[in-house]
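Use the sequences and the hints to build the structure in full.
Counting in our numbering, the sequence shown runs from 4 upward without gaps.
Misleading hints may appear alongside valid ones.
Said to hold, decoys possible - Derived CB-CB ranges, DEER-like: (1) Ile113 to Ser43: 41 to 49 Å; (2) Pro184 to Pro215: 44 to 52 Å; (3) Ala187 to Lys129: 12 to 20 Å; (4) Pro215 to Leu118: 19 to 27 Å.
Just so you know, these hints were derived from the structure itself, not from any lab. Cβ atoms here follow ideal geometry from the backbone N, Cα and C, with glycine treated the same way.
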Amino acid sequence: MKIKFISLLLFCLVCSFAKEQNFDDFEQEYQNYQINDPLSTYNNIMTDFNVALYNYGFRPILKGYSAITPEFLRIGVRNFFDNLFSPLRFVGNVLQFKFEEAGEEFKRFIANTILGFGGLMDPASKMGFKKHPADLGTVLGHWGVGGGFHLVLPVLGPSNLRDTLSLPAIWYANPIGYIDPSWASIVISAYGFGNELSLRLDEIDEIYYNTPNLYPFLRDAYEQRRQELSK
Numbered sequence: 004m005k006i007k008f009i010s011l012l013l014f015c016l017v018c019s020f021a022k023e024q025n026f027d028d029f030e031q032e033y034q035n036y037q038i039n040d041p042l043s044t045y046n047n048i049m050t051d052f053n054v055a056l057y058n059y060g061f062r063p064i065l066k067g068y069s070a071i072t073p074e075f076l077r078i079g080v081r082n083f084f085d086n087l088f089s090p091l092r093f094v095g096n097v098l099q100f101k102f103e104e105a106g107e108e109f110k111r112f113i114a115n116t117i118l119g120f121g122g123l124m125d126p127a128s129k130m131g132f133k134k135h136p137a138d139l140g141t142v143l144g145h146w147g148v149g150g151g152f153h154l155v156l157p158v159l160g161p162s163n164l165r166d167t168l169s170l171p172a173i174w175y176a177n178p179i180g181y182i183d184p185s186w187a188s189i190v191i192s193a194y195g196f197g198n199e200l201s202l203r204l205d206e207i208d209e210i211y212y213n214t215p216n217l218y219p220f221l222r223d224a225y226e227q228r229r230q231e232l233s234k
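The structure is reproduced here in C-alpha cells:
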C-alpha cells in the first residue's frame with residue numbers, strides 16, 4: 004500500500020512533462036522513440052483499466068474535494084509536501100554530482116521553510132530558485148542503470164522496472180513513512196498526492212480525453228521524462 008502512493012508522484016511527473024510540451028510535436032516524437040515494451044498488450048489493458056478507474060472513481064472524488072476546498076488551501080498543501088521532499092531531491096542531485104542543482108534545492112528548502120511558514124508558501128520560486136527533481140531511479144539512471152522494460156502499474160500508471168524496484172527505497176527515505184501508526188502515514192501520503200492530483204485535473208482530462216493512442220503517448224512521455232532527469 005505504501006508503495007502505491009509514491010507511484011502517484013511518478014504519474015504527476017508524466018502530466019507535468021506533457022503539459023510543458025507542444026502536443027503535436029510530442030506526438031510526432033513518440034512515433035520514432037524506441038521503448039523496451041515486451042508487455043505492451045498487458046500495458047495497454049492496464050492503461051484502459053486505469054482510465055476507467057479515473058473516470059468513475061478518482062475524478063468524481065477529486066472534483067468534489069476541489070469544490071469544497073479553496074484553491075489557495077490546496078496550493079498550500081502542495082507547497083508543504085513539495086518542501087518536505089526537497090531534502091530528498093537535494094540528496095538525489097548530490098549523488099549525481101549535480102552540485103549546482105543541489106545547491107539550488109538547498110536554498111529552496113531554507114527559503115520556503117523559514118520565509119514560507121514551514122513550506123506552506125513558495126517564496127523560493129519568486130526568488131528564482133528552481134526545483135530539480137531527483138530520486139533513486141534517476142540516480143541509478145544517471146550512473147548507467149537502464150530502465151528495463153516499461154511497466155504500467157495497476158491504479159498508478161506508467162513506470163519501468165528500475166523505477167518500480169526503487170519505490171521501496173524512496174518510501175523509506177520519505178519522513179512520512181516513519182509516522183506511527185503506519186495507517187496514518189498511508190492516509191497522509193494519500194491525501195498529499197490526492198491533493199496534488201486535484202490541482203491537475205484539467206491536465207489529466209486533456210491527456211486522457213484528447214490524446215489519440217493514449218498508451219504510447221503516456222509511455223513515451225514517462226520514459227523521455229525519466230531519461231531527461233537522469234542526464
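Going down the list of hints, with the structure as the test:
Take Ile113 and Ser43: their Cβ atoms lie about 45 Å apart, and the range 41 to 49 Å holds. For the hinted restraint 44 to 52 Å between Pro184 and Pro215, the CB-CB distance of approximately 46 Å keeps it satisfied. For the hinted restraint 12 to 20 Å between Ala187 and Lys129, the CB-CB distance of approximately 33 Å leaves it violated. Separation of Pro215 from Leu118 is about 45 Å and departs from the stated range, judged on CB atoms against 19 to 27 Å.
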